[in-house]
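Q: One letter stands for each residue in the lines below.
Protein chains: 2
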Amino acid sequence: MSSRDAELLISVDRNGPASMQAQLERQLRDAIRGGMLRPGSEVPSTRDLARDLAISRPLVMEAHAQLAAEGYLALRQGAAPRVADTAPRQQIQDLPPESVLTLTFRYDFRPGIPDLASFPSARWLKAAEAALRIMAPNDFGYGQRYGVLPLRQALADYLGRVRGVSADPRQILITSGFEQTRALMARTLKRRGVTELAVEDPGYSDREVWLAAGLKLLPIAVDENGIDVAALAKSPAQAVLLTPAHQSPTGVVMSGERRLALANWLRQRNAIALEDDYDAEFRYDRAPIGALQGLAPDHVVYAGTTSKTLGPALRLGWMVAPSDLLLAFEDEMRLMDCGRGRLEQFTLAQFITSGDYDRHLRKMRALYRDRREALLAVITDELPEVKISGISAGLHANVRFPRRLDEAVISEAANKRGMGLSFLRGHYLDDAPEESTLLLSYASMPESSLRTALRTLAAIIAGN
Amino acid sequence: MSSRDAELLISVDRNGPASMQAQLERQLRDAIRGGMLRPGSEVPSTRDLARDLAISRPLVMEAHAQLAAEGYLALRQGAAPRVADTAPRQQIQDLPPESVLTLTFRYDFRPGIPDLASFPSARWLKAAEAALRIMAPNDFGYGQRYGVLPLRQALADYLGRVRGVSADPRQILITSGFEQTRALMARTLKRRGVTELAVEDPGYSDREVWLAAGLKLLPIAVDENGIDVAALAKSPAQAVLLTPAHQSPTGVVMSGERRLALANWLRQRNAIALEDDYDAEFRYDRAPIGALQGLAPDHVVYAGTTSKTLGPALRLGWMVAPSDLLLAFEDEMRLMDCGRGRLEQFTLAQFITSGDYDRHLRKMRALYRDRREALLAVITDELPEVKISGISAGLHANVRFPRRLDEAVISEAANKRGMGLSFLRGHYLDDAPEESTLLLSYASMPESSLRTALRTLAAIIAGN
Numbered sequence: 218m219s220s221r222d223a224e225l226l227i228s229v230d231r232n233g234p235a236s237m238q239a240q241l242e243r244q245l246r247d248a249i250r251g252g253m254l255r256p257g258s259e260v261p262s263t264r265d266l267a268r269d270l271a272i273s274r275p276l277v278m279e280a281h282a283q284l285a286a287e288g289y290l291a292l293r294q295g296a297a298p299r300v301a302d303t304a305p306r307q308q309i310q311d312l313p314p315e316s317v318l319t320l321t322f323r324y325d326f327r328p329g330i331p332d333l334a335s336f337p338s339a340r341w342l343k344a345a346e347a348a349l350r351i352m353a354p355n356d357f358g359y360g361q362r363y364g365v366l367p368l369r370q371a372l373a374d375y376l377g378r379v380r381g382v383s384a385d386p387r388q389i390l391i392t393s394g395f396e397q398t399r400a401l402m403a404r405t406l407k408r409r410g411v412t413e414l415a416v417e418d419p420g421y422s423d424r425e426v427w428l429a430a431g432l433k434l435l436p437i438a439v440d441e442n443g444i445d446v447a448a449l450a451k452s453p454a455q456a457v458l459l460t461p462a463h464q465s466p467t468g469v470v471m472s473g474e475r476r477l478a479l480a481n482w483l484r485q486r487n488a489i490a491l492e493d494d495y496d497a498e499f500r501y502d503r504a505p506i507g508a509l510q511g512l513a514p515d516h517v518v519y520a521g522t523t524s525k526t527l528g529p530a531l532r533l534g535w536m537v538a539p540s541d542l543l544l545a546f547e548d549e550m551r552l553m554d555c556g557r558g559r560l561e562q563f564t565l566a567q568f569i570t571s572g573d574y575d576r577h578l579r580k581m582r583a584l585y586r587d588r589r590e591a592l593l594a595v596i597t598d599e600l601p602e603v604k605i606s607g608i609s610a611g612l613h614a615n616v617r618f619p620r621r622l623d624e625a626v627i628s629e630a631a632n633k634r635g636m637g638l639s640f641l642r643g644h645y646l647d648d649a650p651e652e653s654t655l656l657l658s659y660a661s662m663p664e665s666s667l668r669t670a671l672r673t674l675a676a677i678i679a680g681n
Numbered sequence: 218m219s220s221r222d223a224e225l226l227i228s229v230d231r232n233g234p235a236s237m238q239a240q241l242e243r244q245l246r247d248a249i250r251g252g253m254l255r256p257g258s259e260v261p262s263t264r265d266l267a268r269d270l271a272i273s274r275p276l277v278m279e280a281h282a283q284l285a286a287e288g289y290l291a292l293r294q295g296a297a298p299r300v301a302d303t304a305p306r307q308q309i310q311d312l313p314p315e316s317v318l319t320l321t322f323r324y325d326f327r328p329g330i331p332d333l334a335s336f337p338s339a340r341w342l343k344a345a346e347a348a349l350r351i352m353a354p355n356d357f358g359y360g361q362r363y364g365v366l367p368l369r370q371a372l373a374d375y376l377g378r379v380r381g382v383s384a385d386p387r388q389i390l391i392t393s394g395f396e397q398t399r400a401l402m403a404r405t406l407k408r409r410g411v412t413e414l415a416v417e418d419p420g421y422s423d424r425e426v427w428l429a430a431g432l433k434l435l436p437i438a439v440d441e442n443g444i445d446v447a448a449l450a451k452s453p454a455q456a457v458l459l460t461p462a463h464q465s466p467t468g469v470v471m472s473g474e475r476r477l478a479l480a481n482w483l484r485q486r487n488a489i490a491l492e493d494d495y496d497a498e499f500r501y502d503r504a505p506i507g508a509l510q511g512l513a514p515d516h517v518v519y520a521g522t523t524s525k526t527l528g529p530a531l532r533l534g535w536m537v538a539p540s541d542l543l544l545a546f547e548d549e550m551r552l553m554d555c556g557r558g559r560l561e562q563f564t565l566a567q568f569i570t571s572g573d574y575d576r577h578l579r580k581m582r583a584l585y586r587d588r589r590e591a592l593l594a595v596i597t598d599e600l601p602e603v604k605i606s607g608i609s610a611g612l613h614a615n616v617r618f619p620r621r622l623d624e625a626v627i628s629e630a631a632n633k634r635g636m637g638l639s640f641l642r643g644h645y646l647d648d649a650p651e652e653s654t655l656l657l658s659y660a661s662m663p664e665s666s667l668r669t670a671l672r673t674l675a676a677i678i679a680g681n
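Chains A and B supply the protein sequences, listed in that same order. Using the numbering used here, the first residue of the first sequence is number 218, and each one after it goes up by one. Using the numbering used here, the first residue of the second sequence is number 218, and each one after it goes up by one.
Just chain A, same shape as in the assembly (with noise of 0.2 Å):
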């Protein structure tokens, strides 16, 4: 930026003991120390500073070049005056190492993550073009925390016409993903006097929000219908977290038999099932499957996000929930925060209104669709002893050995080649089958490149 805009926090006091000159260095000095003006950034010009202090600009260039003789700044002809890379500064404590480690691979296996090249940037800058040219003051201001209706509505007309989602806009609440979601819901059933939550085994490894909410976790297990609605029904759980449309991870699509089984237990035991619908746009040979939210929207808290369709780095997400918990639904987000950004609400209401979203979901379909093809065709010929499962919809298959591998050297070996692995036998709560199932995500990696993981990390379980 140009320094004349800079803002800086100096002053000078006329009347005070220090000459001004003194004064100003002494505070660009502790400023410089302190770190509160890093190395390398610009310093308002001589005269700037002078305009802004109301002194004279001889003055500024004076305590300026007994700055730079100290080390603090770099001077130079025409240029900006800066903080020398080198300004002596007070030793900051030891920091903690950042916490979360995020790890990238090369070529990374694990599911969770969509084709992350794919973000349509310049669609979606044109769609924030439109929403800023229709946002009126107002939208600028709070708003409701829940979610601004235009968003509302396109999720509304979008998740009944595509995912069979009974919905009026006014029961969808707007989240940061399914992250919150989940967190709204755990303090809500909890608060509800919920103490047992059915989830799915295998499941989702990540429990710490119920945990912490004080939910205990009883573990149903999925067949190859999906969850067993019999268990459930023998289980004291009040409340069930489901992905009927794509179980995570198995991949198994939940039966209609099931869905109806589970419909009927919802309503006898008068729970509420949190249904994560977190990558079910995503189908290649089966017909469409509608949520399970129609068959019990009174029952269902539906949950999406644009994670999986968009990319994760947009954290936004939707829940669509019976009319009877939207208050306490509300409630909790009151504790946590004011809402979403109405910016990124109204450019996703654009993004869906103007067909975008939709021809951004077919084009993904078609490419992750030619990478699951990739997949399939190499570990036919490398790994033929194993069995494939889960691949109708989502963005990863199940590949399941018919011993068991050693997971952990495997794991390692292919870290070393820039490989990111995921095994089954960490998602259940009950105890694994014997035999190894890899978890082997298709969608962030181009098919040259998958074709070559794939070729290496079968050669790595060949050795192993």
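Be aware that one or more of the hints could be misleading.
What the hints assert, rightly or not - Quick look at which bits of chain A chain B covers, simulated, 3 or more residues with Cβ under 8 Å:
(1) 251-258
(2) 353-365
(3) 483-492
(4) 528-537
(5) 546-559
(6) 623-635
To be verified - Here are a few chain B residues that sit away from chain A, every Cβ distance over 12 Å (derived from the structure):
(7) ALA301
(8) ARG551
(9) PRO650
Simulated from the structure, these hints should not be mistaken for laboratory data. Values in this document were obtained by computation on a predicted structure and should not be read as measured data. For every residue, glycine included, the Cβ atom is placed at its ideal position computed from N, Cα and C.
Chain A is fixed; fit chain B onto it per the hints.
A: Below, chain B alone, put in the same frame as chain A:
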């Protein structure tokens, strides 16, 4: 959108008991009656449906015609088929009213909202464009929940330079605004065993988050030099919530002596302060005063936000935490959500480093200074008996009357004239003074509206 690309959840079973046409009709009818397809919304054309379902087009045309005859669809030559506005629908149950009532007044004197019409849309869009250009594919992934490094770096520079905050970028966490910062603080304090939190009195009227976390609030009086540190030292408080730069809502600037006393108390008690630096960028006729954090960085959590500088709609804030608290805050954040949208974080970083943020602040400061002058001029004319204070910074004035007004009656009369009012009385935890004080924001109205509204207000007060 063109119906060509519209996604729709419909499938037909070639081997089902009903004819394919009957299946199609039934599904469309159910989707419309159940609200999944909403009145006025487009349905796919016969051509697209026939292609997607792999059935003959005449068959789809007959299904459409049947549904039009039943009143579900509106068909017009050359136009995409739509759900009829009068389509039969299942009754949806009554929904509760929207629970956050955002009253909008034509003349809003209530503090807390900047001039919403001044949002720098064009510059922001430019920054978003630049951000999208520099973001690498991985930047569209999950990343670290506490914020992207470029924004934390830009803020460390900015806060050091303009607010005297001593921060390493690693000590900065990005939040969705002060509400999330406060929620993180409340839970972290509680978890560290703090039970009593001192608050300025008068202070924030919104106390729910602290109470919900199980903290007891201790009101400490504010005088013309800021919070009474001697009274604070006599209290059992282990933490304190402060607005030193421009006390909310009295507008008092904390004196240098009090700051030093407070910094000493923090060290002696080993206590923590949450410094809410909510509108300190706007100062008019006094020397800038740095953040308290600079005096005691190991004991102060500094909180800032774009809500007053750019607008509440962005939902972007930050906290600068002592390094020994970073992991505790991250722990609490993990139980809430997965962080802010990364695109807007990169955008704000661009907006700051390009100099646009400083330029915008200069522009707004001039605008607000003019509005403040207009406010003072009218008040001096129309309400000669009042005492005005708290106007050297921020966006509102404290207007103190020599007597107690009938505040409820005046507020109601003002509301009826389209005016939003806020009195100081509601901000006290302990007993408020007998005399009435009005909080008058001059931020959100152009000067002419401000004058008109103030004259009307003066007339209302004179009549009561």
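Q: Determine for every hint whether it applies to the structure shown.
A: Hint check results:
For the stretch 251-258 of chain A, the assignment as covered by chain B holds, since 6 residues bring a beta-carbon within under 8 Å of that chain's beta-carbons and 3 suffice. Under a criterion of three residues with beta carbons nearer than 8 Å to beta carbons of chain B, the stated coverage of the stretch 353-365 of chain A is upheld, 10 such residues being counted. With a threshold of 8 Å between beta carbons, the proposed coverage of the stretch 483-492 of chain A by chain B is violated, since 0 of its residues qualify and at least three are required. With 6 residues having a beta carbon nearer than 8 Å to a beta carbon of chain B, the stretch 528-537 of chain A meets the requirement of three or more and the stated coverage holds.
Beta-carbon proximity to chain B at under 8 Å applies to 10 residues in the stretch 546-559 of chain A; the threshold of 3 is reached and the given coverage holds. Counting residues of the stretch 623-635 of chain A whose C-beta sits closer than 8 Å to any C-beta of chain B gives 0, which falls short of three, so the coverage hint is violated. Non-interface call for B/ALA301 relative to chain A: holds, since the shortest CB-CB distance, roughly 15 Å, exceeds 12 Å. Not every Cβ of chain A is farther than 12 Å from the Cβ of B/ARG551; the closest lies at roughly 7 Å, contradicting the non-interface assignment.
Against chain A, the non-interface label of B/PRO650 holds: every CB pair exceeds 12 Å, the least being about 30 Å.
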